[in-house]
Structures are given as C-alpha cells and as structure tokens.
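Protein chains: 4
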Amino acid sequence: MSSSPSEAPRTTGPGTSRTEAFSDGVFAIAITLLVLEIRVPEGDEGRLLNELLAIWPPYAAYAISFLTIGVMWLHHHHQMSFLATVDRGLLNRNLALLAMVGFLPFPTALLARYATATDSADQRAAVAAYGFSMILLSAAFALLWDSVKRRQELQTVDADSTSIRTSRNRSCMAIAWYAAATAVAVLAPWVSLAVFALIATAFATNGPSPRRRPPHIAARS
Amino acid sequence: MSSSPSEAPRTTGPGTSRTEAFSDGVFAIAITLLVLEIRVPEGDEGRLLNELLAIWPPYAAYAISFLTIGVMWLHHHHQMSFLATVDRGLLNRNLALLAMVGFLPFPTALLARYATATDSADQRAAVAAYGFSMILLSAAFALLWDSVKRRQELQTVDADSTSIRTSRNRSCMAIAWYAAATAVAVLAPWVSLAVFALIATAFATNGPSPRRRPPHIAARS
Amino acid sequence: MSSSPSEAPRTTGPGTSRTEAFSDGVFAIAITLLVLEIRVPEGDEGRLLNELLAIWPPYAAYAISFLTIGVMWLHHHHQMSFLATVDRGLLNRNLALLAMVGFLPFPTALLARYATATDSADQRAAVAAYGFSMILLSAAFALLWDSVKRRQELQTVDADSTSIRTSRNRSCMAIAWYAAATAVAVLAPWVSLAVFALIATAFATNGPSPRRRPPHIAARS
Amino acid sequence: MSSSPSEAPRTTGPGTSRTEAFSDGVFAIAITLLVLEIRVPEGDEGRLLNELLAIWPPYAAYAISFLTIGVMWLHHHHQMSFLATVDRGLLNRNLALLAMVGFLPFPTALLARYATATDSADQRAAVAAYGFSMILLSAAFALLWDSVKRRQELQTVDADSTSIRTSRNRSCMAIAWYAAATAVAVLAPWVSLAVFALIATAFATNGPSPRRRPPHIAARS
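Chains as they are written, first to last, in the working numbering: chain H, 1 to 221; chain R, 1 to 221; chain B, 1 to 221; chain V, 1 to 221.
Simulated from the structure, these hints should not be mistaken for lab results.
Computed from a predicted structure; not experimentally measured.
Each hint should be verified, as a subset may be incorrect.
Claimed, not checked - If you want the ones that stay clear, here's a sample from chain V, every Cβ over 12 Å from chain H, calculated:
no.: 1; residue: 23
no.: 2; residue: 39
no.: 3; residue: 45
no.: 4; residue: 47
no.: 5; residue: 49
no.: 6; residue: 50
no.: 7; residue: 118
no.: 8; residue: 120
no.: 9; residue: 139
no.: 10; residue: 143
no.: 11; residue: 146
no.: 12; residue: 164
no.: 13; residue: 177
Claimed, not checked - Okay, the calculated beta carbon distance ranges per label pair:
no.: 14; chain 1: H; residue 1: 46; chain 2: B; residue 2: 172; range: 47 to 53 Å
no.: 15; chain 1: B; residue 1: 53; chain 2: H; residue 2: 190; range: 49 to 55 Å
no.: 16; chain 1: V; residue 1: 63; chain 2: B; residue 2: 191; range: 53 to 59 Å
no.: 17; chain 1: B; residue 1: 152; chain 2: H; residue 2: 202; range: 23 to 29 Å
no.: 18; chain 1: B; residue 1: 17; chain 2: H; residue 2: 47; range: 29 to 35 Å
no.: 19; chain 1: V; residue 1: 186; chain 2: H; residue 2: 47; range: 23 to 29 Å
no.: 20; chain 1: R; residue 1: 49; chain 2: B; residue 2: 63; range: 21 to 27 Å
no.: 21; chain 1: H; residue 1: 179; chain 2: R; residue 2: 59; range: 31 to 37 Å
no.: 22; chain 1: H; residue 1: 190; chain 2: R; residue 2: 190; range: 37 to 43 Å
no.: 23; chain 1: H; residue 1: 150; chain 2: R; residue 2: 172; range: 22 to 28 Å
no.: 24; chain 1: R; residue 1: 120; chain 2: B; residue 2: 172; range: 41 to 47 Å
no.: 25; chain 1: V; residue 1: 191; chain 2: B; residue 2: 17; range: 34 to 40 Å
no.: 26; chain 1: V; residue 1: 191; chain 2: B; residue 2: 53; range: 49 to 55 Å
No residue lacks a Cβ here, since even glycine has one placed at the ideal position from N, Cα and C.
Turn these sequences into a full structure, and let the hints guide you.
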C-alpha cells in the first residue's frame, strides 16, 4: 500500500475509499429508487397492454434520470481518482452534491406524472422544475471540481492539472447548458427534455476514460 | 498489490473495484426493493389468514425476480473477474445492464398485480411485459459479455478465452430462451412463468464457480 | 496480501469480499426499508400527539425486526470470517438467506398493521406469519452454517472446527425456538412477540465476538 | 497491510472495514430514502408551479435531515478511524446508532406533513417528535463515543486520547442542545427547527477533519 518515501506524504492520508463507498451508495440507491416512480397502471379491465404502451413519460423520465445519474457517477469516479485524500471542506461539498443526486427521484416523479398533463402550464412547470434540479446538480458538481482543482495538497502526486482544469471547465459549461435547456422549457417542453437527454449522452460518450490510479499501486512496479 | 514487471501494465489500471461496488449496490437495492411490491392485505375483518394464502402471485413474482437478479449478480461477479481494468465503453454497457436490473421491480410489480387478473388479456399483457423486460436484461448482459470478449486489452493476464467465449455464447442463448418464453405467454401465461423460473434455476445450478482471481494476488505466491 | 507458501492455496481463491459486500448491501437495505412501514398518522385535527403515542405496534415491529436483522448481520459477519473463499453451492445458499432477509419488511409491515387488530384471528394470523418468516430465515441460516461446516476446503487454514460446529448447532436451535414461539402465537400473540424479541436479544448478547481474521493478515506478523 | 512487530497485536483484529461498509450502507440508504417523503402535488389543474413553491416544508425537512445524517456520517467516519478492531459490545452500540439513523425518515415525513398544519398542537407535536428522535440519535452517538473512549484495547496504537475525549464530550453536549431545542418546540416550533439546522451546520463546520489513518498504512513509510 505504501510507496517510495518521497510520495509517502500523499499516500498516508485517510484516503478516499470510504468517501467513495458512501458516495457510491447514494448514487446506487438514488438510481435504483427511480423505478418506484413508474406506477402499475390501475385502469379499466382488459386495457393493460394499451396502458403499458401509453405511459411512456415514466419510462422516458426513468431513462433520462438513470443516464444522468449514471454518467454523473462515472465522472465522480474520475474526479476522485485525482485525490489521494480528502478533508472536511471537500467532504462538505461532496455532501452537497450527494444531496442533489438524492433529490433527483422527486423531479423525476414530477416529470413522470406531469409530462403529458393536459394543462400546458403544469407540463411546463414540471419540465422547468426538472431543469432547475439539473442546474443545481451540475452547479454542485462544478463546485466540487473547483475544490479538487484548487486543493493541490489533496491531489495524488501524478494528478494532471491540465486534465483537472479541463474537467472543471466542462462542468461549468454543463450548468450553462442546463440553464439554456430549462429556459427553453417555458416555450417548448419537449425540446427541453430532448436537450437533457442529449447533455447526458454527450457526457457519456465524450467523457473521460477511467484513469490509471497511481501512485500507491503503480509506484511499486 | 503489485506483481512481476511483465504483468504490471495490466495491474496498474483503475481496476474494477469501484465498478463492482457500484454494480453490487444497484443489484442489492433492486433485489431488496422487490419486497415493496408485496402489499399488506386490506380485506374484510377476520380474513387475514385466507388472504395471506391467497396472494401467492406476489410471492411467486418475488421469488422469480429475486432468483433472476441474484443469479445475474453471480454471473456479473464471474464476468468481472476476467477484467483487470475497465474503460468508458465497458462502463457504458455496464450502465445499460444496471438500468435493466434497476427496472425489474416494475415488471415484477406488474406480475404481482395482474398474474391472477380475471381478464385474461391483462394477465397475458403482464406476463409478456415481464418477459420483454427479461429479453432486454439478457440482451444487455450479452452485450457486456461481448465487450469483455473483444476487449482483450482490458483482461487479466490469465483470462481464459475459451471460458469467456462459452459464457458469451450462453448469454446469447439466454436471450433466445426468454424470447421463446415470452412468445408462449400469449397462449399460456403459466407455462411462460414456469420457464422464467427454470431459466434462472438453470443458470444458478449450471453457472460457473467463482474463479480464482489472479494475477495481483496469485503473483506473489 | 499473500502469505507463506503452504497457505497460498487457500488465500488465492476469489475470496469472500464481493460476497460480503453484496450481502452487506442486502442486509443494510432491508434493515433501512423497515422504517417505510411506519406510516404518518392521518387522523383528526389536533390529535397528532395522541396518535403518535398510540401507534406503538409499528415502533415495536421496527425494533424487533431491526434487532433481528442487525444480529443476523453480526452472525453472518462472524460466519464469513471462517471462509477463505466461496463456491457456487455456498453462494446459492447465501442467496437463499438473503431472499429471506430481504423478505422481512413484509411480515414486519403485517405486524405493524395487524398487531392491534380488533379481530383476534387477524392478530394471530399476523403474528404467526411473522413467526413463520422467522422460521424460514433461521432455517436458511442453519443451512448456510451447515455448508460452512462441511466444506472444509473453503475454510481458512486456522478455522476452528469446534467453534463452527457450535455455531451450526446454535443456528439449528434457533429454528426450534422460532417454531415454538410461532406455535404459541395461536394462543397468546403477545407472548409470541416477546419471545421473538428475546431470541434476538439472546443472540446479540451471547453471540460470538468478531474473530481475528488470519491467515492473510496475520501471516506476515 | 502489516506493520512492525510491536504493532501487530492491534492490526490483526477483524478490523473495522465490514462494520464501516454496513454502517455506510445504512447511512447512505437512510439519507436517500428521505426524498420519498416529498410527494408529487396532486392539486387543481394549472396550479403545479404554485404548489411546488408552496410545499417548502418537505424541502426544508429534506435539507435538515440530509445535513444531519450527512454530518453524522462524517463524524462516524472520524470515530471509526480511532479503532483498529471492534468487538461485540461496540457492534451492539453501533447497531443502536444505526437503528436511530434508519428511523429518521419517519420523523422527517412527520415534519414534512405537519410543519404547516393549521392546528398548532399538531405542528408542535410534529416538531417535538422530530426533536425527540434527534435526542435519541445523539444519545446513541454519545454512547458509542463513550465505548470508543473506554475500550482502549480496541484503539489504534496512535489514537489520540485527548481528541477522543473532546469528541465524546462534544457528543454529550449535542444531546443537551437537542433537548433544549425540543423544549422550545412547545412554544415556538420555528425557532426549534432553526436550531436543529444550526446544530447540524455547527457540526459540519467545526467538526474534525478526516484523520490520517495509521498505523497499518503509515507504519511502512
């Protein structure tokens, strides 16, 4: 577990393992609770098949939110790989991120319930509330990237500052994207939803590959 | 944690531990949420015992889904043991698998509610929806096996390619089995359910034993 | 991580870590889902305090089930410490145990709802159903102990066979205790509930201390 | 994993890893279940936006409870870092703490439902019940700190007894703070709620930084 003396100061901290375990737990639970918002249809007898095909908003809401949380987890994974240790400030910001991740089942349920509401004001309100939650989520994530960038004493010895800066900047741009998509919701809720799905897909396909994790592993090779 | 130099390139990757932890979380939560679909009976006074014996569809749905997710976890466990590291493509496919695992409580609830519906069209729709979810689940799993097989640069040094190919092929056959069982649901829902249970049982009893996990452990002995 | 050559064969297996992680997940989720059965009272205005004090059955059901699952986790922890590795047969039995652990929120909800039912037949049915679940749970646990005892090739090199046999026998006795308490439920449901609480308490206070876990740790000292 | 011979006795215990994993699971699940108490509004058509803005008690209850559980997790993290191993007594006290953590979604739901009740007696009862749960939670935590302090044979070799004593005393003071805030609830429920939020914030900002975790890591540097 240890390494050469010169690297020791950064590998003897409390590490990030329990923080990652707790975060993974919240991510995994929030992502799995999403399914509870898909309700079993209780309609007229003999109409179940039609109703199962008709209730696509819950499926779409599940898919978008699952993708968003899953991709966020992937990026969180990547983010933590730059850290050799954590401190209170970073843990507090991580907790703020988790509070937004854990909150996501609520706007998802809102979307599942009101995406096809006959009243268009309700429809727009649901999509806007979803978008607003996404803005807060991406803002919490950008704040965490900002801490990772500024707190060099917490980083692993080989943390690539260019890569960190790029990730931080990308996370700030995500806020702007979500804000734009949310503004669009007032006029065209469907366009807004499509953009939410696109943003998550873009982060899934252009996101970083998992990093090799030195130094405490590589250092001995 | 390290090993001989020649193996180092494959043991210094990010590893699969956090991916496994996150996947284990989703598997464990999805499997435990299944119980929420068994509702406390609210019938006439003094009839609780009869009702507890009468509501066997929720018990059966719980048992089949628990077995299916549990066996899927066992195979996922086995699957990951061939990997020394993961990359973005593999994580995306793993996320698709988890999305189907996390979705399973919904078709299970559907089955619990409609397996004994008086209207036979509803009954068939519920069983077919359950089967369709199983097809998607096994397809996601087969896609993941396919990645594990093709991405040799992610494998551990001792990964047995014959064993991987066998598992990949078996996972493709599972899709065919589930498709056949789902087609049967239109005519004979009970037969279909029995086949779902049989497939899971077959995978539990004929499945692979957990592999020894070299090289990073074995390499030092 | 490694040890002296003679011990190597038993320390290079797949280990028990992912099995423990998955099991811990199911235990932790089942124990935390119990709270969902305590419903927010929706009675007459101004009567909340009285109602909060009146709904003691859900609190009692929560307490007994939390204690039972918690103590079961503690014993599972102890049980796994005798194993250096797992195989398919053992994983299947572990899955059966987890299926019963994950099922427990249902009989707990039943108890919370019907423990003070005005109809005494309903009351007895709820307590008996709870007891029956406990019998199945303890039977699954005894079966797992039996596997641990018989499968010596899976044990750690220092596994104490006397200690394993004692634990196996105790787990068989637990079935008898739960069966007796369940039989009593037909005549005196309260006595039955008290016995369930007593059994869990007895296992908490007389249970094993966590074992030191050689050889892979101790072997290098 | 090992260290110099003189430290061996304290590093060959069962360790705290599985206890931490199980505890992390309960913390992560309880904190994520909180969102289930925020219900999707089902009001008059076209009024969704107004209702989303009106239902601030569930948001406030979510925020306060999330912060409380999150900070409690952080302190639990810190607390466990002083331990090299655990025994049955400590595990039982840890289980009592987890029972209170897992219970928290219920008083949170109570608060979300009744914080703006028209009947002020209901309002006070809900806030007082929430406060009472906080008293029990902090008492369970203080009892655990007391065990950590007294059980020196379980501590790591470098555990700082001054730091442990300080933490133990702070946890006792938290009981007093929660008791005072709960008493205030009878007269001024809002003041009481504000104090709950303040206590959690105080523990988040003045709490301990994560400790470096010797000896098994540091010992080799």
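Each hint, compared with the structure:
1. Not every beta carbon of chain H lies more than 12 Å from that of residue 23/V, the smallest distance being close to 10 Å; the non-interface claim is violated.
2. Annotated as non-interface, residue 39/V brings its C-beta within 12 Å of a C-beta of chain H; the closest such distance is 9 Å.
3. Non-interface status of residue 45/V relative to chain H is broken: a Cβ of that chain comes within 12 Å, the nearest being about 5 Å off.
4. Distance to chain H contradicts residue 47/V as a non-interface residue, since its nearest Cβ pair spans about 8 Å, not more than 12 Å.
5. For residue 49/V, the shortest C-beta to C-beta distance to chain H comes to about 4 Å, within the 12 Å cut-off, and the non-interface label is violated.
6. Not every beta carbon of chain H lies more than 12 Å from that of residue 50/V, the smallest distance being close to 9 Å; the non-interface claim is violated.
7. Consistency note on residue 118/V: stated as away from chain H, and its beta-carbon is indeed over 12 Å from all of that chain's, at 25 Å minimum.
8. With a closest Cβ-Cβ approach of about 28 Å to chain H, residue 120/V is found to remain outside the 12 Å limit, as its non-interface label requires.
9. Every CB of chain H is more than 12 Å from the CB of residue 139/V (nearest about 23 Å), matching its label as outside the interface.
10. Non-interface call for residue 143/V relative to chain H: holds, since the shortest CB-CB distance, roughly 22 Å, exceeds 12 Å.
11. With a least beta-carbon separation of about 23 Å from chain H, residue 146/V lies farther than 12 Å from that chain, consistent with its non-interface assignment.
12. Consistency note on residue 164/V: stated as away from chain H, and its beta-carbon is indeed over 12 Å from all of that chain's, at 16 Å minimum.
13. The beta carbon of residue 177/V is kept farther than 12 Å from every beta carbon of chain H, the shortest such distance being approximately 20 Å.
14. Between residue 46/H and residue 172/B the beta carbon distance is about 51 Å. The supplied range of 47 to 53 Å therefore holds.
15. Separated by about 51 Å at the C-beta atoms, residue 53/B and residue 190/H satisfy the suggested range of 49 to 55 Å.
16. Against the hinted window of 53 to 59 Å, the Cβ-Cβ separation of residue 63/V and residue 191/B comes to about 44 Å, which falls outside the hint.
17. Checking the proposed 23 to 29 Å range against residue 152/B and residue 202/H shows it is violated: the Cβ atoms sit about 54 Å from each other.
18. Distance hint for residue 17/B and residue 47/H: a CB-CB separation of about 49 Å, inconsistent with the stated range 29 to 35 Å.
19. The given range of 23 to 29 Å is broken by residue 186/V and residue 47/H, whose C-beta atoms sit roughly 53 Å from each other.
20. For the pair residue 49/R and residue 63/B, the beta carbons lie near 25 Å from each other, so the given range of 21 to 27 Å is met.
21. A hinted range of 31 to 37 Å for the beta carbons of residue 179/H and residue 59/R is inconsistent with their spacing of about 49 Å.
22. As the Cβ distance of residue 190/H to residue 190/R is approximately 41 Å, the hint placing it in 37 to 43 Å holds.
23. Between residue 150/H and residue 172/R the beta carbons are some 49 Å apart, a value that contradicts the proposed interval 22 to 28 Å.
24. Judged by the Cβ atoms, the range 41 to 47 Å given for residue 120/R and residue 172/B holds: they are separated by roughly 46 Å.
25. Separated by about 49 Å at the C-beta atoms, residue 191/V and residue 17/B break the suggested range of 34 to 40 Å.
26. Taking the beta carbon of each, residue 191/V and residue 53/B are about 24 Å apart, not inside 49 to 55 Å as hinted.
Consistency with the previously given hints fails for numbers 1, 2, 3, 4, 5, 6, 16, 17, 18, 19, 21, 23, 25 and 26, ordered from lowest to highest.
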